[in-house]
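First to last, the protein sequences are chains P and U.
Position 80, counted from 1, in the first sequence is what my numbering calls 80; the numbers after and before it change by one each time, with no gaps.
Position 29, counted from 1, in the second sequence is what my numbering calls 29; the numbers after and before it change by one each time, with no gaps.
Since the hints were derived computationally from the structure, they do not count as laboratory data.
Glycine included, every Cβ here is placed at the ideal spot set by N, Cα and C.
Every clue listed holds true.
To give an idea of the interface, some chain P residues facing chain U are shown, with a C-beta separation under 10 Å as derived from the structure: (1) Phe56; (2) Ser85; (3) Arg93; (4) Tyr116; (5) Thr163.
Next come the chains, spelled out residue by residue.
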Amino acid sequence: MALSREQLAQRVAQELQDGYYVNLGIGIPTLVANFIPAGIEVMLQSENGLLGMGQFPTEDEIDADLINAGKQTVTMAKGASVFDSAESFAMIRGGHVDLTVLGAFEVDVNGNIASYMIPGKLIKGMGGAMDLVAGADNIIVTMTHASKHGVSKLLSQCTLPLTGKGCIKRVLTDLAFIEIKDGKFHLVERAPGVSVEEIIKLTEGELIVPNNVPEMKF
Amino acid sequence: MAGFEKVVSSYEEAMAGLEDGMTVISGGFGLCGIPENLISEIKRKGTKALTLVSNNCGVDDFGLGVLLQNRQIKKIVASYVGENAEFERQMMNGELEVELTPQGTLAEKMRAGGAGIPAFFTATGYGTPVAEGKEEREIEGRMYILEPAVKGDFAIIKAWKADRYGNLVYRKTARNFNPMAATAGKITVVEVEEIVEPGELDPDQIHTPGIYVDRLILGSFEKRIEQRTVRIAQS
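Just chain P, with the same shape it has in the complex (with noise of 0.2 Å):
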C-alpha cells in the first residue's frame, strides 16, 4: 500500500533528532510537526520569521500579526523568537537550520529538484523553496512517486524549470525511501506491502536496488 500524507510526514518525523532546529514546508511537511517523536525537543522555523512556530490557536488566540509561511495562523512555543526575513534567510542560507522537508514535482539521479513552476499552467513563485535547497545540507524532499497516471517524478532529468541544482539527497515517496549519490537513485525502504518491481517499475531513473530493502516501520 502506498503511504497516506500521514504515514509520509509519520515515516519523516523518524528522522528528527533531539535539539534540531527544522524548517517544514507547505504540505505533506507541515504534517510532520504532528509526528514529533515523545522525549524528543524540535524547534521549528517559518521562513517568513519565526523561530518556534507553536499550534495553532484557539478561536480566542487568533492574531493577525502570527502567521506562518504558509500565512496560517499559529502561536508561538516556549522560547520562541521573531525576526526580520532577512535575518531568517540568513538562517537558511548560512546552513544553520538541521534538516529542512519539502515538496517536489519532479527530482532526477542528479539531486536537481523541481518544485516551483509547471510553464504555461501553474505560475506562483517559489517563495523561499530556492534559498532552502541552496542552503541546507540535510534536506527531505516529500512527494508521490508517480503521477496519477502512472508518470514517474523521480527522473533520469527534470523536464521541468528548476528549483535547485545538485541539492537533493533524500527522497520519501508514498512508495519508497531513496538516497541519490554517484548519479543514481539508491532504493533504502519500502512503503509496508509494496514490492520492490512496483518501485522499480515506476521509477524513470537508474535506481539500484540492493538485496535486502525492508519495510519502512512505524
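Since chain P is already given, all that's left is putting chain U on it; use the hints.
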C-alpha cells in the same frame, strides 16, 4: 515638518511626490504586516505604471491586489504570487511584467539596497531560471550568482509602534520584510498603530532606527487574515 519630527497628518501628505513609473518597495508577508492604508492611498491617487517590489501581491480585493485590479502596476518583483486570480490573468495576457525572485534573495536585495551594497553573490537560484543573464562565479568550490540590490523611489512600511522621530517597533511576524524595505526607499513612509513621544520607546528594543524614516502616519487597520486556522480549545 521640522527637525526629526516625522509625523504627517494625512495620507495624501504621506504619499506626496509619488509619480507614474516610480518603483515602490513594500513590506509585508501575505496580508500580514502590510501598509494597507498607504496602498489604498496609492489606489486613490491613481498613480500608474508602477514597479512594485514586495514578497507577495495581496489578494484580489485587499493589499497590493487592489493596485492590480486598478491596473496601476507595470511590473512586480515578488517571490510568491499565488492566491491572486487577477494577477495570473494579467501575467498570462502579457499586461504585467513579473520578476520571480527567491524570498531570501529578495530580502537580501532590499537589505543590500539600503546598506550601500550594489550586489551580492548567493548560491540560491544557481542552475535555475533565476540565474539566467546573471554573472556566475565559483568561490571555494561552490557556484554562486550575482544578484543586484534593489532600491525604491518610495518604501511603504507597516510597523506597530513609533515615536515621533520615526524609531520603529514591529509586532510578531508582522515584522517580516518591513525592516529591510524601510532602509531601501529614497522616501520611506511608515504607518503605525500607535505614536509615542521620543524617549518612551526603550532604545534597546527599537527594530528600525528613525534615520531610515521620512514620513510617519497614525493609521487604523483591518488586518485581514488569509488562512484562518484554529484548534479546538481543550477544557
